[in-house]
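Student: Each chain, written out:
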Amino acid sequence: MAVQAFRHHYGLDKPLPVQYGTYLWRLVHGDLGESQQTHSPVSRDLGEFIPATAELAILSILVAVFVGMTLGVIAAVKRNKLTDHLLRIVSLGGVSMPTFWIALVSLYVFFFRLNWLPGTGRLDAVVTPPPHHTGLYTLDAAISGQWATAWNALQHLVLPALVLAAYNVGLLTRYTRSAVLEVISNDYVRAARAKGMPEPVVIVRHVLRAALPSVVTVIGLAFANVMTGAVLVENIFSWPGIGQYAYHSATTLDLPAIMGVSLFVAVVYIVINFLVDVLYGVIDPRIRIS
Amino acid sequence: MSALLDVQGLTVTLPTNSGPMTIVDDVDYAVEQGRVFGVAGESGSGKTISVLALMQLLPAGSSTSGVARYGGQDLLTLRSRALRNVRGAELAMVFQDPLTSLHPMLSIGKQLTEHVRSHEGASRAVAAKRAVELLEEVRIPDPEHALRGFPHQFSGGMRQRIAIAIALAARPKLLIADEPTTALDVTVQAGILRLLDRLRREQGLSVILITHDLGVMSSIADEVAIFYAGRIVESGPTRELLTSPRHPYTRALLDALPHPEQAGGTELVAIPGSPPTPRARPAGCAFHPRCPYAAEQCLVEVPPLVAVSASRLLACHVDPFRTG
Amino acid sequence: MSVPAVPIKVRSWQRRGPLASAAWRHPLAIAGLVIAGAWIFIAIFAPLLAPHNPLAQSATTFVPPSWGHFFGTDELGRDVFSRVLYGARLSIPLALLLVTLALLIGGTVGAIAGYFGGIVDGFVMRSADLVFAFPAIILAMVVTAALGPTVRNAVLALVIVSWPSYARVVRGLVLSVGEAEYVQSARLLGKSARRTLIRDILPNVFGPVLVLATLDLGNAVLLLSGLSFLGLGAQPPQPEWGAGVAEGTQYFQYWWIGTFPGLAIFTVVLAFNFLGDSLRDALDPQSSWSQGGDAE
Numbered sequence: 000m001a002v003q004a005f006r007h008h009y010g011l012d013k014p015l016p017v018q019y020g021t022y023l024w025r026l027v028h029g030d031l032g033e034s035q036q037t038h039s040p041v042s043r044d045l046g047e048f049i050p051a052t053a054e055l056a057i058l059s060i061l062v063a064v065f066v067g068m069t070l071g072v073i074a075a076v077k078r079n080k081l082t083d084h085l086l087r088i089v090s091l092g093g094v095s096m097p098t099f100w101i102a103l104v105s106l107y108v109f110f111f112r113l114n115w116l117p118g119t120g121r122l123d124a125v126v127t128p129p130p131h132h133t134g135l136y137t138l139d140a141a142i143s144g145q146w147a148t149a150w151n152a153l154q155h156l157v158l159p160a161l162v163l164a165a166y167n168v169g170l171l172t173r174y175t176r177s178a179v180l181e182v183i184s185n186d187y188v189r190a191a192r193a194k195g196m197p198e199p200v201v202i203v204r205h206v207l208r209a210a211l212p213s214v215v216t217v218i219g220l221a222f223a224n225v226m227t228g229a230v231l232v233e234n235i236f237s238w239p240g241i242g243q244y245a246y247h248s249a250t251t252l253d254l255p256a257i258m259g260v261s262l263f264v265a266v267v268y269i270v271i272n273f274l275v276d277v278l279y280g281v282i283d284p285r286i287r288i289s
Numbered sequence: 000m001s002a003l004l005d006v007q008g009l010t011v012t013l014p015t016n017s018g019p020m021t022i023v024d025d026v027d028y029a030v031e032q033g034r035v036f037g038v039a040g041e042s043g044s045g046k047t048i049s050v051l052a053l054m055q056l057l058p059a060g061s062s063t064s065g066v067a068r069y070g071g072q073d074l075l076t077l078r079s080r081a082l083r084n085v086r087g088a089e090l091a092m093v094f095q096d097p098l099t100s101l102h103p104m105l106s107i108g109k110q111l112t113e114h115v116r117s118h119e120g121a122s123r124a125v126a127a128k129r130a131v132e133l134l135e136e137v138r139i140p141d142p143e144h145a146l147r148g149f150p151h152q153f154s155g156g157m158r159q160r161i162a163i164a165i166a167l168a169a170r171p172k173l174l175i176a177d178e179p180t181t182a183l184d185v186t187v188q189a190g191i192l193r194l195l196d197r198l199r200r201e202q203g204l205s206v207i208l209i210t211h212d213l214g215v216m217s218s219i220a221d222e223v224a225i226f227y228a229g230r231i232v233e234s235g236p237t238r239e240l241l242t243s244p245r246h247p248y249t250r251a252l253l254d255a256l257p258h259p260e261q262a263g264g265t266e267l268v269a270i271p272g273s274p275p276t277p278r279a280r281p282a283g284c285a286f287h288p289r290c291p292y293a294a295e296q297c298l299v300e301v302p303p304l305v306a307v308s309a310s311r312l313l314a315c316h317v318d319p320f321r322t323g
Numbered sequence: 000m001s002v003p004a005v006p007i008k009v010r011s012w013q014r015r016g017p018l019a020s021a022a023w024r025h026p027l028a029i030a031g032l033v034i035a036g037a038w039i040f041i042a043i044f045a046p047l048l049a050p051h052n053p054l055a056q057s058a059t060t061f062v063p064p065s066w067g068h069f070f071g072t073d074e075l076g077r078d079v080f081s082r083v084l085y086g087a088r089l090s091i092p093l094a095l096l097l098v099t100l101a102l103l104i105g106g107t108v109g110a111i112a113g114y115f116g117g118i119v120d121g122f123v124m125r126s127a128d129l130v131f132a133f134p135a136i137i138l139a140m141v142v143t144a145a146l147g148p149t150v151r152n153a154v155l156a157l158v159i160v161s162w163p164s165y166a167r168v169v170r171g172l173v174l175s176v177g178e179a180e181y182v183q184s185a186r187l188l189g190k191s192a193r194r195t196l197i198r199d200i201l202p203n204v205f206g207p208v209l210v211l212a213t214l215d216l217g218n219a220v221l222l223l224s225g226l227s228f229l230g231l232g233a234q235p236p237q238p239e240w241g242a243g244v245a246e247g248t249q250y251f252q253y254w255w256i257g258t259f260p261g262l263a264i265f266t267v268v269l270a271f272n273f274l275g276d277s278l279r280d281a282l283d284p285q286s287s288w289s290q291g292g293d294a295e
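In order, the protein sequences belong to chains A, B and C.
Just so it is clear: in the first sequence, position 275 is 274 by numbering that gives the first Met the number 0, and no numbers are missing.
Just so it is clear: in the second sequence, position 82 is 81 by numbering that gives the first Met the number 0, and no numbers are missing.
Just so it is clear: in the third sequence, position 63 is 62 by numbering that gives the first Met the number 0, and no numbers are missing.
Since the hints were made in silico from the structure, they are not lab data.
Accuracy of the hints is not assured; some may be wrong.
Said to hold, decoys possible - Simulated restraints, written as ranges between beta carbons of each label pair: (1) C/Ile29 with B/Thr276: 32 to 40 Å; (2) B/Thr15 with C/Leu95: 40 to 48 Å; (3) A/Asp123 with B/Thr99: 52 to 60 Å; (4) C/Arg151 with A/Gly118: 50 to 58 Å; (5) A/Val125 with B/Arg80: 56 to 64 Å; (6) C/Pro50 with B/Thr15: 56 to 64 Å; (7) B/Asn84 with A/Lys77: 23 to 31 Å; (8) B/Gly272 with C/Leu103: 51 to 59 Å; (9) B/Glu143 with A/Pro239: 50 to 58 Å.
Claimed, not checked - If you only want the chain A side, here are some residues facing chain B, beta carbon under 7 Å, derived: (10) Pro117; (11) Gly118; (12) Arg208.
These figures come from a predicted structure and were not determined experimentally.
For glycine and all other residues, C-beta sits at the position ideal for the given N, C-alpha and C.
Take the sequences, apply the hints, and build the full model.
Tutor: Rendered as structure tokens:
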């Protein structure tokens, strides 16, 4: 029977500890099993889809951090004035918008109506992907000097990255504001002003620096949000990334693929947490291991 | 000789949840060049706020009135560029707790040089050289290495020395030291005070020294002003004021100091009652509820600060200790 | 003694919170209340308010917004306005159900874990960690796909994904309150464990959990509609908002099909977030926007 064959093929008829052991053994050897839908090794699938999502995630996080932190600082400096209240609404708005809806609306407006940006996919249909170095089309094209391709890839990247950033902008505005307000009344800030330092320098070099550790904590959360949002965004923009892969694996109950994706996510969390810890040490010398 | 800093009628009001609160009430004093001017008083007497006002470092929403004349300008009305030029390069401040007044994440070198480069346009090398000289001046060992260090790596006393070095880096004429030794051990205190005294002698630095410790005052201050409830009640040369105080509050403060010669078993004399909170300052002379010499006039009329001799100012209707 | 994870102000259970006086001074809370109230009203009275039957197909397909059809019609000639109104009858009660279940299950489990500690605590926290290890949406997708894509299973999947947050918060609160002296003395005086839990600990746990739940309502609506958008929740022809947006992506050029359901989601979530944020102001000044970090 088909079910028997299925179970035998996946070793599901063996006792549980054996299954677990086999999985770990194969894992250590880089074998994540084979995907049911693509019929190719999960590891190869991951290798194909991860760079697309990475490209999206990196740009999205960069935008979110830059915009969110700036807005947060402004809100803190203009505390309780109109600007602050408006930014509060903006921040709450950002975390309230359904990602898939904003994706649809922005595609409609910027692609369909205004034609400022291209539609779905990573490149126009007629453009060939650049030679593979990192898998990030923008970087790869730039490395190979294919500037037209790089530009095209960037154009395709902008909209999904911005849509993905919306939630995190809201999040970071709020957290940056809190962090800045916590440090802005500290003595060393007053001491910096007492030295005659111009206010913008005080804000950036003294205040923001002291607030950074709290903000960096949120970066981990921001990455988690990006991965969740990627599932929806990649769906609408036909972006061939991990989000799409996860969706297809989940809906077809492709067990090896699901495990592969989960493993990938876990690894990303660990790496991000590690990087955040390292970042703490860079920012705050009191934390460094001497 | 005209005074370096001449403060007249300084009044400072802070915003609070229950409305504006007057902390400093019509204060006059003058600081001479090359002298240490001591400001004494208990917490809440307004001494810190009065000097923060000079550099316009008050919390948002505060208001000040009066005049603070320095080098032909009124410090209280300076704006933006002019204010920034004064801060650090003319007046500088050392705060009470060096652990919180030094930035924990910036190197000592950075904190020593950033305002020098900002004020004087000095290059990195020039500023670094001066930083090393300053650290030597305040007796920090191995100054070159210290430049790359961070505040948490130094002891309390060294941090305060570094804070003083930072304050002096842009070559100000007037240093305001707010309780510079309060957060430090007694043994370390003496070193800091000696340092301030040496700077005064060698560089002609003028100092406003705020402290509640009369002992500290007597060791290095040339003149003293006694603050009580937001006003100055008495001022004059330190030695003279502390040996023959004219104001009942000053006298009570001195009486309350324990003397090593006292026989064991003698009770410490405390001033009855406690200083009023800024909200609850009594009418007339603020000290009258606790003053054994209070007269009818003291309950209703604020005693003006007047000269009672060539160098002494006193705000008391009764003046019970006048000589002659 | 272990360090409590969440610092709280412990109040005796007689004192009321400062909600009443603070409320009218916060326009955001009022706006949130009004919008949420409006949607709840719509959810209840949709059959009376909707001009058409949301499931009724007609020949007038792809009609743009007009007087006859405020939000236009979709590919089967159904009135989008009516579908949006009826959609409230799905999203809002489901979100409420989801949050209530997650709160009850997670809260109870967390309280037990925090109160009894030891093996129970360990077991609960390991399970919570296990859930946290999987990204929410992937876990939810797997569960719904495995059980069959229906609204009921979507809610179940999301409850599974959401309970650990409540468990963790409640556990932390129970631990901190448990450390409070007056609770310890109550225990010493011999009040039974359950009475202590209910009488002394619960009122203090109530505030922060309420804030969490209100904010989570918005999240719940987003997740539920997200799953439906992916085809894993509400199935056609149900007028669910997320599914409506999915429809809109198919018929791209007829912008009204997807825009209005999505706008509905946005306003509802925004309202809950306004409310939750204002509640956070009132009950926990330290993390609120109006004070921000340390109050001056």
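Student: Now tell me, hint by hint, if it's right for this structure.
Tutor: Hints, verified against the model:
1. C/Ile29 with B/Thr276: 32 to 40 Å: 37 Å Cβ-Cβ, so the 32 to 40 Å window holds.
2. B/Thr15 with C/Leu95: 40 to 48 Å: 43 Å, holds
3. A/Asp123 with B/Thr99: 52 to 60 Å: With Cβ atoms ~58 Å apart, the hint holds.
4. C/Arg151 with A/Gly118: 50 to 58 Å: 36 Å Cβ-Cβ, so the 50 to 58 Å window is violated.
5. A/Val125 with B/Arg80: 56 to 64 Å: Once the Cβ atoms are compared, 58 Å apart, the range 56 to 64 Å for arginine 80 of chain B and valine 125 of chain A holds.
6. C/Pro50 with B/Thr15: 56 to 64 Å: 57 Å, holds
7. B/Asn84 with A/Lys77: 23 to 31 Å: Holds, since asparagine 84 of chain B and lysine 77 of chain A (Cβ atoms, about 26 Å apart) stay within the stated range.
8. B/Gly272 with C/Leu103: 51 to 59 Å: Taking Cβ atoms as reference, glycine 272 of chain B and leucine 103 of chain C lie about 58 Å apart, which means the hint holds.
9. B/Glu143 with A/Pro239: 50 to 58 Å: 56 Å, holds
10. Pro117: 44 Å, violated
11. Gly118: 46 Å, violated
12. Arg208: Since the shortest Cβ distance to chain B is 5 Å, the answer is holds.
Consistency with the previously given hints fails for numbers 4, 10 and 11, ordered from lowest to highest.
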